[in-house]
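Student: One letter stands for each residue in the lines below.
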Amino acid sequence: MIWINLAGLGLITLIVWWFWLYKAKTSEVQSGSIEVRVKDGVYQPANITIPANESVQILFFREDATPCAEMLVIPDLEISETLVLNKQVTVTVPASPAGVYPFHCQMQMYRGALIVK
Amino acid sequence: MNNSTEVNDAEKSQSCCCSAKKQQQVSSEANCHDNTIVSDDSNSVSEYHLIIEGAGCASCVGKIENALKSVLGVESAEMNFAQRTVLVTGNASEEKLIKAVEQAGYNAKLSNSESEEDALEEKEQADWQYYKKLMREMTIALTLGIPLMIYSLVVGEMTVTTFTEQMVWLAVGLLTLGVMVFAGKHFYIGAWNSFKNHSANMDTLIALGTGTAWLYSMVVVFAPEVVPLMARHVYFEATAMIIGLINLGLALEIKARGKTSEAIKRLIGLQAKTARVIRDDKDLDIPIEDVLLNDLIRVRPGEKISVDGDVVEGHTSIDESMLTGEPMPVEKTEGDQVVAGTINKSGAIVFKATRVGKDTALAQIINMVKRAQNSKPPIGRLADVISAYFVPVVMIIAVVSALAWLNFGPSPAVAFAIVSATTVLIIACPCALGLATPMSVMVGVGKAAEAGVLIRNGEALQTASKITTMILDKTGTITEGAPKVTDIIVAGSQTEDEILLLVASLEAGSEHPLAMAIVESAAEKGISPKKVTDFASLSGMGVQAKLQSKRLLFGNEKLMKQQGIAIDQFLDKAQQLAAEAKTPMYFAVDAELAAVIAVADPIKSDSIEAIKRLQNNGIRVVMLTGDNRMTAKAVASMVGITDFVAEVMPEDKAKKVAEYQANGEIVGMTGDGINDAPALAHANVGFAIGTGTDVAIESADITLMRGSLHGLADAIAVSKATLTNIKQNLFGAFIYNVAGVPFAAGVLYPFFGLLLSPVIAGAAMAFSSLTVVTNANRLRLFKAKEH
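Each protein sequence line maps, in turn, to chains A and B. My numbering runs 8 ahead of the 1-based position in the first sequence. My numbering runs 286 ahead of the 1-based position in the second sequence.
Please keep in mind that the hints were generated in silico from the structure rather than gathered at the bench. It is possible that some hints are incorrect.
[Claimed, not checked] Heads up, simulated DSS-like pairs for lysine-lysine below, C-alpha to C-alpha not over 25 Å straight-line:
#	chain 1	residue 1	chain 2	residue 2
1	B	541	A	95
2	A	47	B	419
3	A	95	B	409
4	B	418	A	95
5	A	47	B	418
6	A	31	B	482
7	B	471	A	47
8	B	395	A	95
9	B	419	A	95
The following block holds chain A by itself, in its conformation from the complex (with noise of 0.2 Å):
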């Protein structure tokens, strides 16, 4: 019995490690904007890392029919986009200060966040 209990504190140490301890690999904006692909239940990429003070275009192509999906916000920013299923939707970020500004679906489901660097 003890291995088993053993093996769930691992799962439980594995599960927090995963989420919240691992530093998720960002994808550096390049010329002034970047793609992303809603697709399968995730943006991808998910986490953007952008230049501070410069405003960038973040071309976003819905490809997941779930209505959940539908809607884009980046609540510190005051955006909120449709995107359109199978359509590119340009989001432009204004210029911003360093820090991280999280961007998801309505209901939190589909997550990202843009790293202002």
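Once you have looked at the hints, place chain B on chain A.
Tutor: Structure of chain B alone, referenced to chain A:
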């Protein structure tokens, strides 16, 4: 550039949403999306519709066509001069095409022929397709799940003890796998992708829950000996039922969600599709996207106004109720403004386009409502924080629950552990939490827009529901904002019209609001002022002049007394007029009192009633004005306001707002949005009150599209109703999860022997978010008391 986002130059140049249509299949499927042409070679051909501005003569056609044809990659360029559009085919980028036209001396823009209405239809079509897909998947899953469920209820435990049972359940297990693949694939793919991204969502919980139940069951089927005899149950029915029920819940949610955006659909539906422009003396019906600034547009009775503009010909009445909530049609004649989306009722007019495309008031309103519908009030922030940690926490609870059953549970502990872990994973519903606030905001903001109230964002919506003091500016807010002559009391032998002619002649050159009121009043009666001589302004008292041989004198009591003119018998009357919030003035001809003229800014017909509505809601209403105390007192008492502050300079209005705030009040300030801008900005919620659609939409937290103060009461009523709805949703979603998860983990088992079935958990989860959306939809039935 990141690998996943690598695009070649052609893609970058052509990737915007344009009317380019695919002419030729491009080589890479991954790069081809609808009207976006992305090529790995240079052979792809696109069509562009350009709208040309500044092309005034037919000779421009050749010049523009040649300029476009000279661009590398352009195969053909054909201009329709009447419509001022060019159809270009080729593989040049739109930027190059526009530049070429500009170099030729014209302006060009890409025609976005897809209207918002088309986009909305497309979205509805996509939602419908997705709904059908989910219903199909639900049918597949329940076709297996329901018979299994009935079997388990009728026959009892689904155990594996004999070889035959092993074979039968193996077949059922494989069928369940089929259900998972054909009806639940999206959950597993979504879960895996989220996992790779180090995030977790609803898919994660469903995939883990159904996956655990299926895997355990398959272990029981393949190797029953590794599981204690008592625990050799299979849970295939749970897997199939959960997938079916959650698909059903999602499908019903799509239907319910569609209703939450009815208000925006209605606004988008107001936009006309075509406009009848007059070009080269001919009437042409063209899409509104192609209407240019300064185009002349003809509108017949019963037709919609296509873009914003100024009437240049004709007279009509226009129904603006769809935008302002004001039921009475508005008279329009030459020089008046008309607004896109309103309906021409009676006459035919021609107007000149002054704002087109995204600049029209209607487009801005739609944009603002859309933005506000997706913004979140502060009340939703806690739910956001919880949502961010929710799924991993539920996963940890599931592990802890399984360990607790394995360590302390009765026999068969392993079965209890599996059931409780699965049920915990399935019952937890992050969606309900996530949807609680946005769904209500969406309906609430839309509902407000229907009443002519534009709410800027969720924060304004929330604060408006808590206002304790409402400060109203007097002029233009409580009153019409346009002084008018209300009384002419004749003292001598002249008629009213004769007096009006003389006073209007005297005041014709003055820009004082009272003078303008008199001149306007004369003009309304068709009286044209005459030319006066020896005009003199008597500072702070009035004016004097000569008309032919008559000496005219117009001013206040002080002026009359100074000139020795007897007014005693009219003093009582003058005081009575002042007490009625009117300003009495005296008019003398040749040193004899000829009349007492009263000018007043009339109170809006429904101000009294609307103020009463605010007061009945427990809001303290305060009037702020730059006028003298006597008039202010009179106006305040007429509209039922006891708190008023008079003689306030415009720049001091913000200070007054701050004083109320310092006393702990949550202050709403209502003014015209331009003169009162600092005070509006200082208030907790600034309300800009407009007349018609000529409003500064961006100037305040909440914009009232019509002049009536009922809009104010409506705004507060809608915000209160929305906040109540959000609270109900959040409370429901919190309670559901806080109570459901421990129940699923089995905390009631030691006391009552109760343990939740995973199937019931699946049903509860599927319908919890549906309940939230349905509750938000209840707001659609909300009606402000007066409307």
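Student: For each hint, tell me whether it holds in the structure or not.
Tutor: Here is how each hint holds up against the structure:
no., hint, result
1, B:541 to A:95, "23 Å, holds"
2, A:47 to B:419, "17 Å, holds"
3, A:95 to B:409, "11 Å, holds"
4, B:418 to A:95, "21 Å, holds"
5, A:47 to B:418, "19 Å, holds"
6, A:31 to B:482, "12 Å, holds"
7, B:471 to A:47, "13 Å, holds"
8, B:395 to A:95, "20 Å, holds"
9, B:419 to A:95, "21 Å, holds"
Taken one by one, the earlier hints all hold for this structure without exception.
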